[in-house]
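A.B. asks: Protein chains in written order, with the numbering used here: chain A, 235 to 353; chain B, 16 to 179.
To be clear, the hints were calculated from the coordinates, so they are not data collected in a lab. These numbers were taken from a predicted model, which means no experiment stands behind them. Each residue gets a CB set at the ideal place from its N, CA and C atoms; glycine is no exception. Treat the hints with care, as some may be off.
[Unchecked claim] Covered stretches of chain A (in silico footprint by chain B; criterion: 3 or more residues with CB under 8 Å from a CB of chain B, positions within the stretch not fixed): (1) 249-258; (2) 274-285; (3) 290-299; (4) 316-323; (5) 328-334.
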Amino acid sequence: MNIVSNLISSYNYYIIIFLMISGLFIVVARGNMMKKLVGLALFQTSVYILYISPGKILNGTAPILRDDFTIYSSPFPHVLILTAIVVGIATLSLGLALVIRINEEFGTIEEDKLFEEEL
Amino acid sequence: MAITTIGIIKLRNLFSVVILSTIYSFLMASLLLIFDAVDVALTEAAVGAGISTVLMLSVLHYTKRNEEKPKHSSILAILVCITVGGLLIYGTYGLPAFGAANTPLHTHVSSQYLLRSLPETGVPNVVTSVLASYRGFDTLGEVIVVFTAAIGVISLLRKDQREN
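Throw the hints in and build the complete structure from the sequences for me.
C.D. replies: This is the structure we're talking about:
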């Protein structure tokens with residue numbers, strides 16, 4: 235009974251874990267650098283909901299103050315994640331610039347071929 | 016969302032992977048809207064679905080469109096993923112239930128922000144007042160990170176320096 239109630243009450247964490255694991259799998263298992271970057275972005279967005287979802291209160295509303303509402307979701311994780319999104323796009327663009335340079339230098343962005351090139 | 020994620024794992028055409036990640040970002044934005052994070056949803060739709068798609072497509076213009084089959088098997092990766100996933104699921108047993116109002120997150124600093132934001136800053140949107148007023152240094156640090164990334168991109172892609 236305890237396990238079932240835990241399953242229902244924390245289903246948001248299971249969504250997050252699924253997304254996180256698939257991001258991790260892409261980063262580890264796929265050799266293509268573009269795909270690795272997409273996987274990294276996937277991992278990153280799973281962290282966004284990991285932060286945002288505990289801030290939600292049932293029957294609450296967005297944290298914009300009005301007289302006719304009393305329950306607001308927590309604004310604090312929203313602020314942190316706004317920063318994280320902007321930093322995320324900065325790191326993504328840096329990664330893409332690296333991909334372009336690697337492609338210019340070696341003519342490929344496949345990890346296996348790059349290792350062969352080094353040997 | 017799960018379907019798009021599996022599509023991103025399986026597909027080898029990078030163009031469709033990028034388009035799928037755009038769809039994923041839109042789904043993420045609507046999920047954030049459900050979680051009452053309107054500001055974050057707006058930013059995710061603009062940045063995640065807009066700017067990163069444009070950037071990735073312009074990089075795809077320079078590189079090959081298709082991914083090659085990996086030579087080594089991915090058993091090790093699957094093992095790593097199962098281990099991490101198991102640990103994370105174990106971790107959820109210590110976390111509060113979804114939608115509960117009596118968690119430390121709501122009882123400590125957030126309620127103070129909600130109470131004091133309007134009298135102290137006069138901004139009804141609490142996210143804006145925290146971002147720009149209470150945690151202004153955080154935002155300054157963010158600007159520095161973006162600036163550093165821009166310097167990195169420019170120095171990586173500059174043409175004239177490389178020809179020497």
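A.B. asks: Check each numbered hint from earlier against the structure, then list the numbers of those it violates in ascending order.
C.D. replies: none
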